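S.K.: Residue strings, one per chain:
Number of protein chains: 2
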Amino acid sequence: MNTSTTVQQRLLTPGPTAVPQPVLEEMARPIIHHRTAEFEAIFAEVGQRLAKLMQTRGPVLSIAGSGTTAFEAAQVSLARPGSTVVAVGGGKFGERWQDIFDQYEGTMTLKPLRIEVPWGEAVSPDTIEQVLREHEDVSLVAVVHSETSTATACDIRAVAAAVQSAAPGALLLVDGITSVGAMPIEQDAWGIDALVTGSQKALMLPPGLGYVGLGERALMRLEEVKAGPCYNLDLRRWLKAHAKNTVPFTPPVSLIRGQLVALKMIEQEGLENVHKRTAALARATRAAFTTLGLALCSHRPSDSVSGAYYPDEVDDKTFRSALRDEYGIHIAGGQDGRGASWSGRIFRLSHMGYVSAEDTLAALSAIETLLLKLAPGTIACKAGEAVAAAEAELVR
Amino acid sequence: MNTSTTVQQRLLTPGPTAVPQPVLEEMARPIIHHRTAEFEAIFAEVGQRLAKLMQTRGPVLSIAGSGTTAFEAAQVSLARPGSTVVAVGGGKFGERWQDIFDQYEGTMTLKPLRIEVPWGEAVSPDTIEQVLREHEDVSLVAVVHSETSTATACDIRAVAAAVQSAAPGALLLVDGITSVGAMPIEQDAWGIDALVTGSQKALMLPPGLGYVGLGERALMRLEEVKAGPCYNLDLRRWLKAHAKNTVPFTPPVSLIRGQLVALKMIEQEGLENVHKRTAALARATRAAFTTLGLALCSHRPSDSVSGAYYPDEVDDKTFRSALRDEYGIHIAGGQDGRGASWSGRIFRLSHMGYVSAEDTLAALSAIETLLLKLAPGTIACKAGEAVAAAEAELVR
Numbered sequence: 384m385n386t387s388t389t390v391q392q393r394l395l396t397p398g399p400t401a402v403p404q405p406v407l408e409e410m411a412r413p414i415i416h417h418r419t420a421e422f423e424a425i426f427a428e429v430g431q432r433l434a435k436l437m438q439t440r441g442p443v444l445s446i447a448g449s450g451t452t453a454f455e456a457a458q459v460s461l462a463r464p465g466s467t468v469v470a471v472g473g474g475k476f477g478e479r480w481q482d483i484f485d486q487y488e489g490t491m492t493l494k495p496l497r498i499e500v501p502w503g504e505a506v507s508p509d510t511i512e513q514v515l516r517e518h519e520d521v522s523l524v525a526v527v528h529s530e531t532s533t534a535t536a537c538d539i540r541a542v543a544a545a546v547q548s549a550a551p552g553a554l555l556l557v558d559g560i561t562s563v564g565a566m567p568i569e570q571d572a573w574g575i576d577a578l579v580t581g582s583q584k585a586l587m588l589p590p591g592l593g594y595v596g597l598g599e600r601a602l603m604r605l606e607e608v609k610a611g612p613c614y615n616l617d618l619r620r621w622l623k624a625h626a627k628n629t630v631p632f633t634p635p636v637s638l639i640r641g642q643l644v645a646l647k648m649i650e651q652e653g654l655e656n657v658h659k660r661t662a663a664l665a666r667a668t669r670a671a672f673t674t675l676g677l678a679l680c681s682h683r684p685s686d687s688v689s690g691a692y693y694p695d696e697v698d699d700k701t702f703r704s705a706l707r708d709e710y711g712i713h714i715a716g717g718q719d720g721r722g723a724s725w726s727g728r729i730f731r732l733s734h735m736g737y738v739s740a741e742d743t744l745a746a747l748s749a750i751e752t753l754l755l756k757l758a759p760g761t762i763a764c765k766a767g768e769a770v771a772a773a774e775a776e777l778v779r
Numbered sequence: 384m385n386t387s388t389t390v391q392q393r394l395l396t397p398g399p400t401a402v403p404q405p406v407l408e409e410m411a412r413p414i415i416h417h418r419t420a421e422f423e424a425i426f427a428e429v430g431q432r433l434a435k436l437m438q439t440r441g442p443v444l445s446i447a448g449s450g451t452t453a454f455e456a457a458q459v460s461l462a463r464p465g466s467t468v469v470a471v472g473g474g475k476f477g478e479r480w481q482d483i484f485d486q487y488e489g490t491m492t493l494k495p496l497r498i499e500v501p502w503g504e505a506v507s508p509d510t511i512e513q514v515l516r517e518h519e520d521v522s523l524v525a526v527v528h529s530e531t532s533t534a535t536a537c538d539i540r541a542v543a544a545a546v547q548s549a550a551p552g553a554l555l556l557v558d559g560i561t562s563v564g565a566m567p568i569e570q571d572a573w574g575i576d577a578l579v580t581g582s583q584k585a586l587m588l589p590p591g592l593g594y595v596g597l598g599e600r601a602l603m604r605l606e607e608v609k610a611g612p613c614y615n616l617d618l619r620r621w622l623k624a625h626a627k628n629t630v631p632f633t634p635p636v637s638l639i640r641g642q643l644v645a646l647k648m649i650e651q652e653g654l655e656n657v658h659k660r661t662a663a664l665a666r667a668t669r670a671a672f673t674t675l676g677l678a679l680c681s682h683r684p685s686d687s688v689s690g691a692y693y694p695d696e697v698d699d700k701t702f703r704s705a706l707r708d709e710y711g712i713h714i715a716g717g718q719d720g721r722g723a724s725w726s727g728r729i730f731r732l733s734h735m736g737y738v739s740a741e742d743t744l745a746a747l748s749a750i751e752t753l754l755l756k757l758a759p760g761t762i763a764c765k766a767g768e769a770v771a772a773a774e775a776e777l778v779r
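Just so you know, the sequences run in chain order A and B.
Going left to right, the first sequence walks through residues 384 to 779 as this note's numbering numbers them.
Going left to right, the second sequence walks through residues 384 to 779 as this note's numbering numbers them.
Bear in mind the hints are in silico, worked out from the structure with no lab data behind them.
There's no promise every hint is true.
Since the list gives no way to pick out one identical chain from another, each pair is judged satisfied if it fits inside one copy or across any two copies.
Listed next, the in silico DSS-like pairs over lysine-lysine satisfying Cα-Cα at most 25 Å (straight line) [said to hold, decoys possible]:
(1) K700 <-> K627
(2) K609 <-> K494
(3) K609 <-> K627
(4) K627 <-> K435
(5) K700 <-> K623
(6) K647 <-> K435
(7) K756 <-> K700
(8) K659 <-> K647
This structure is a prediction, so every number in the text was calculated from the model and none was measured.
Make the full structure from the sequences, and use the hints.
M.R.: See the structure below:
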């Protein structure tokens, strides 16, 4: 972020997201040692509040690293060696979980099975049910709830029901990295066996921590399989330490302290209110995009991030640089994967965490102004109309 | 750290260590996105300065997680499948690297070989040479330079020479987690193929980042073996991203920014001066311990951390609680492992990073006062004599 300018900077990328000042200040306090009663109390409270956020009675493990670290740990720790493991594609992150299962094909004798979904579409619960009925030995199904790369959310509640019905012995592992804390998701009630999220999205913290919520069946699987192929990524090791309110390896103590402050802020606003705010920002953004005549990149848009295709005349780099340098608005471009190459073709705007209606309207106003300048012929509205459409959604 | 008290708190545990105020302030600045020219420039500069610190021309990878994350990544990425891999014990961390090789015995068909050393002693280069001459297919040797659990350093330069002489085809992987930035270590000149360190020790940052410096032969091995068993922990993935000044997964951006400030502080003091300061604090501490009549827990003491056995009358918990609550001094106790159970038997004091003569003298004075109170019969000196011995070392 260009902090030498006097233009206020707004970070609206779908992770990392902006961190509230009280959280930044908490993390700037002197370091404490992790093998102390003081840290253990903070760690325990963070775990309890995370469980409340994920709506699980199970333990929530805090793993140093990125969201990918935590997700890979869940994949290798919960898969039953020799079994079929399913991962749903449809975006960069779904494809990553497919790649990770492939990686362990040899070492864990896994039989990885891919369910492919076109980018921008959500997996149908029927497809999952059908695939699971065709394969008897599925031990684990990995599904992304909100696919950040395509700004798409699936109906994870219906997916969970489909998994339970078609393969009662399979565990469901959900990537909630851009859904937990942004969109309704109830781990236990919906039957999600393991739920992974990250610190740097709706949880309003810098990157550096991944979280894994474990339901009863996941805990049973960890006992049944006994040991995973890796050391650091073996959830059993983290679970054992978690019971003593600690972690097996030196944890990012400042991030964990910051997380406590951020979780308290979420509880103060109220989780339902956070969800409503996030959904309203998403609706407002989609209304603005539609008014501008932009095509959404998703057929089943997520509420945590919105994405739209650029008009043909608009160059991604020119657009996002101008947005950043002239307006202080930081958004993301597209990503590439096996299913699509969206780099240069779309842009994305986050609604997660510490972002207000004012931030979103400022961004939409800048986007509207800039698009009218760069592609006057193809933008469907007059100046102000996209922002007006967004405002109309916000006052509903 | 008890921040509700008016007693100044001093964190002298051997990791996490105290973080300087300018670093804490840098990390409290607004979050920036990692896929930006601004972050890439910071990341590149951190990499260059780390390479200077480690004294290598090779790339230094920044890996999110603990020091263990980075070390496991180096172990699994550099070992040649089917080969013999050697890890030297002698402390909790050496034993951990042994455990990690064991973990991959099946999946990588490794033949793990342990060199055992009594806790508190350093491995002899001759022992390493002998073991390597007895085994022809050794691909990787993992050795701890400064073993934090026993406050012991080995002669890593002589170890490197022994490895080169006895097994020219084997790579040497060094745990420099509590040596880099605290004690002289020259990766390239000494022939260390891969050197791992962590952010939360002499590098004056909170925990959350591990670093891996890769020499030429390590880079060749990564090309030769092609792929490791894990995804996140495969150094090839990090190396590929590193060439583009980035990382494969969302990095802890605030920590990396803080690291740049901390590295500049080290350069400003001058690396040699940092080494001299650290060594002087260690000498002063050992002189105080000896004056008190305490036995050092190491026969070959490290300069980054000092440890001593308690007198029989002194209870670890009582001692360290009083030190913390009455004097604001935070030190570490002992650890347990396969080779020894030092929990409750020893205490340890760090000299790494952001710690001054004043901090150390304050700690030694409190230790002396408290020991004279708790074990008046066994302490060998009168009040003030231990501090005087320390001061004498500091003015040398």
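S.K.: Provide an ascending list of the numbers of those earlier hints which the structure does not satisfy.
M.R.: none
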